[in-house]
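Throw the hints in and build the complete structure from the sequences for me.
Chains as they are written, first to last, in our numbering: chain X, 1 to 569; chain C, 1 to 296.
Derived by calculation from the structure, the hints in this document are not laboratory data.
Backbone N, C-alpha and C fix where the C-beta goes; we use that ideal spot for every residue, glycine too.
Treat the hints with care, since some could be wrong.
[What the hints assert, rightly or not] With a straight-line Cα cutoff of 25 Å, these simulated DSS-like cross-link-like pairs (lysine-lysine) come out:
id: 1; chain 1: X; residue 1: Lys-516; chain 2: X; residue 2: Lys-343
id: 2; chain 1: X; residue 1: Lys-254; chain 2: X; residue 2: Lys-279
id: 3; chain 1: X; residue 1: Lys-530; chain 2: C; residue 2: Lys-62
id: 4; chain 1: X; residue 1: Lys-544; chain 2: X; residue 2: Lys-482
id: 5; chain 1: X; residue 1: Lys-343; chain 2: X; residue 2: Lys-212
id: 6; chain 1: C; residue 1: Lys-4; chain 2: X; residue 2: Lys-279
[To be verified] Each pair of labels, with its calculated beta carbon distance range:
id: 7; chain 1: C; residue 1: Asp-198; chain 2: X; residue 2: Tyr-503; range: 49 to 57 Å
id: 8; chain 1: C; residue 1: His-50; chain 2: X; residue 2: Pro-446; range: 17 to 25 Å
id: 9; chain 1: C; residue 1: Asp-198; chain 2: X; residue 2: Val-466; range: 26 to 34 Å
id: 10; chain 1: C; residue 1: Tyr-21; chain 2: X; residue 2: Val-466; range: 30 to 38 Å
id: 11; chain 1: X; residue 1: Tyr-253; chain 2: C; residue 2: Glu-105; range: 55 to 63 Å
id: 12; chain 1: X; residue 1: Phe-310; chain 2: C; residue 2: Ser-131; range: 52 to 60 Å
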Amino acid sequence: MATLFDEIRELGVKQALIAKADDVVERVTAGMNINDIRGMLRGDEPRRPNPRLRPHADSFWLHIRPSFYHAEVTHIYPTFRLGWLSTFMFIWETITGIFLMIFYTPSPDVAFENMWEIMSNVPLGQLMRDMHRLGAEVMVLAVALHMLRTYITGSYKKPRQFTWLTGMLLLVFTLVLSFSGYLLPWDQLAYWAVTVAVSAAESHPGPAFIGKNVNLLLRGAPVIGAGGLLRFYLLHVLLLPLLTGIFIFVHYYKVVIHGHSLPPGREAIGEDTAKRVPKDERVYFLPDIMTSEMMWTALTTLGLVGGSVFFYHAVIESHADSLVTPLHVVAPWYLSWSQGWLKWIFPNPLSAFAGPLEFDSKVVVAFGIIPLLAVAFFIWPYIEVGRSRRYADRRAGLSLSMFFITFMLMSNWMGSPEFLVQATSELEVSQRLMPQEGHSILLEVPYDEWDVGTYIADEATVQAMVNAGNLHIAEALEVYIKALEDWSCTKTGHHGMADCVGYDTENGERYTNGVKDEVLVDPYAAIVIKQDQSNVRTITIEIKVDDEEDPRDFYYTRYRHEEAAYEIY
Amino acid sequence: MQVKIVITTIAFMLTMIIFGYASIREPARMETFTNAYEGRRIEWGGDIFHGNCATCHGEHGKAELCYDAEGEQIGCAGLALNNRELLCGERTPRMEAMGWLGTKEAFIGGTITAGRPWANMPTWGSDFGGSLQPYEVGYVTAYVLNWEDEELCAGPPPEPVIWPSTVPDLIAETAAGDAVNGEQLYNVAYGCAACHGDPVVDGSNAVGPWAGNFQNLDEVRVAGYTAADYMYESILEPSDYISPDCPAGPCAGPPSSMPANFGLRMSFQDMVDIMAFLNVDVSSSSGAEIVPPPAE
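Structure follows, in structure tokens:
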């Protein structure tokens, strides 16, 4: 073959270099030269043989993409681009995650400090963290919705059962990926959410050594410490991304083999014509699908970057502390349903004959309901073998899915502290204003707006604050008053509170307001601001009840530094 | 397809503009976050201080307002931390006395971590079996150092109080000793009882010599001193003479574990009141010169 020098001698420098560049481009794209690419982007007809098909045969990246799609599946319906979005989010998480890895050490001694370093000392560090966290939430949502869409259009049916199964695996990986990332900031939220989840292993109904050892394996020690953090870190950055990447390839390859399923109404019942696309209904990957994906990539990137800069900020709470469990520890929203189920009571129907009156909900949920559901989901396409994908023929199945979604949303709500979790009334009130962890409307009042003194929680003070222009304080006081109305009752006809209804307990008479029990009787409630250091004040929530039967005297104090900047973060 | 390429281009440009906007505001944002983190460390330190340290060092670190678990005021067993000597300037008198070469932050953190077991200060650091993790020690240190402010450190150091050089001179400037007030000062205000014990219970002293026999120390300690002379010197200049009578044998020092700043904190009358409470006869002074008169 002629060398570059031979060609220069023969064609001159310019022509030889152009020919060389053309050659390089053709090798890199596995079949398309510069003119082919320009023609493709201009929308020209391809030359024959079509060079736009060669990358699908010869290149690594495109061989797992179909060379053409049926025109029917290139619109928003029926795919909603959710599979693409899931993959995009995986890549997005990988890129932002690698950025964060550079500044992070998985050790309890420094992890929490690293997070603050990322936010305060790494240019665009907070943005990267926000994008990674926002991306994780969007990814969970995208994967779940992708599964729902596949169910609704019946695309899991023959011959795509195995694609569904790999998709289920990817859903599980996504949830565990997201959850394993939860621990890494090593704050209270992280620590306790993971401690609670991992403790499920302990409730194993089999021999005790199994639960104990699984727990040890996950935590690395009796409590989560350096070993546990390192394990979750390695799961999060190595094992799970690797598995997810592998199964994304399997999943994609199955799509190449079987094609995208057409909208259910488009083909005869029992037929699968996805691979038999008439010439005039073909939409080629190059260039149409590719440009379409480029557009969605650009738009999604814009959305995620804009969302992270202007709206979404990942929280960080105080340092993980194995000795202090914050009140109302909650699982992330995508796992809150399981926390809801833990609150249920599972009576033993055979308790008259054998066994306890009710079963331990942890055992039932972690080793009964969740594994059964998971198995059912995995093998669903092999059980539900009805031939028709049409909506009208699948009323039971579609109703079931709608019922299931409603059920999960309700379970999610049950996972929140709203449902069946009650601390004392005064603690609940203070929690709403100034929770031990997380956003607090009181701490978010700008430092300068407060004066040292006492702010009584009543309408007069709210009005005075509005008149004085102290709107943040007014807003906080309104939340305070609303919380008091929820958790109090009145014997004196206090405006806004329900009348007290007494009932007897072993500790004497207690009162209900018709919604909550053991509520406060005509409470005196205030916020007290004191100067502690020249730039530090204490904010104290003070609640007193004078009632003879059920007196209360409650204080909860937090420190507030002038520059702690809760109002912006 | 052309439309898609146009949308792609516009979206890409908008993304870059947002990145640019974020980059421009980044230095200011990073500074805000740096301050916020420092501020929150101080807040977390305040929480820990209030829950653990304030029992002995007082609510505002002045060794004045100490309360037990029931909310009863008690004598402060710890030293005042919120004062000029500790907070203003790079080095403290104590660091000099001990020959500490590191930073003040490390000095305070080290003291919290390792404690001063010979002077009632427990070992707090988890490395030595205490209850505070290293990061928590850092928070408390940040909180303590945050008492430093312009007002406290402004201007030249206050003129030291010139104490009368002999006990008779002191009596001449004060009323007769009030034993009742002296008891309150001994037990609560200055927290003497924390180290020197209850003067009617022998062996109740935790750190320093027992206060119950100070009145019997005529000529025992320093030639030519009466008990009043000895006590006057011990309170104002604790390192001048190191007592052999601490609970575990001879006391440590010099420097003595006893704070050297009572001369700055108490009034002349307080001194006589405490002596009255401890039955030290102020009128029996030998007239020895205890405090050297100020140099001209």
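To see whether the hints hold, each was checked on the structure:
Among the hinted pairs, X/Lys-516 with X/Lys-343 is consistent with the structure: their alpha-carbon atoms are about 18 Å apart, no more than 25 Å. Only pairs whose Cα atoms come within 25 Å are accepted, and X/Lys-254 paired with X/Lys-279 is accepted, the gap being roughly 22 Å. For the hint linking X/Lys-530 to C/Lys-62, the alpha-carbon distance of about 17 Å falls within 25 Å, and the restraint holds. A C-alpha spacing of about 17 Å is found between X/Lys-544 and X/Lys-482, which places the hinted pair at or below 25 Å, so the restraint holds.
For the proposed pair X/Lys-343 and X/Lys-212, the alpha carbon gap of about 23 Å is at most 25 Å, so the pair holds. Only pairs whose Cα atoms come within 25 Å are accepted, and C/Lys-4 paired with X/Lys-279 is accepted, the gap being roughly 23 Å. Between C/Asp-198 and X/Tyr-503 the C-beta distance comes to about 51 Å, which sits within the given range of 49 to 57 Å. For the pair C/His-50 and X/Pro-446, the supplied restraint of 17 to 25 Å holds, since their beta-carbon distance comes to about 23 Å.
At about 57 Å, the CB distance of C/Asp-198 to X/Val-466 disagrees with the hint of 26 to 34 Å. At roughly 34 Å, the beta carbons of C/Tyr-21 and X/Val-466 sit within the given window of 30 to 38 Å. Between X/Tyr-253 and C/Glu-105 the Cβ separation comes to about 59 Å, which falls inside the hinted range of 55 to 63 Å. Taking 52 to 60 Å as the suggested C-beta distance range, the pair X/Phe-310 and C/Ser-131 does not conform, at roughly 43 Å.
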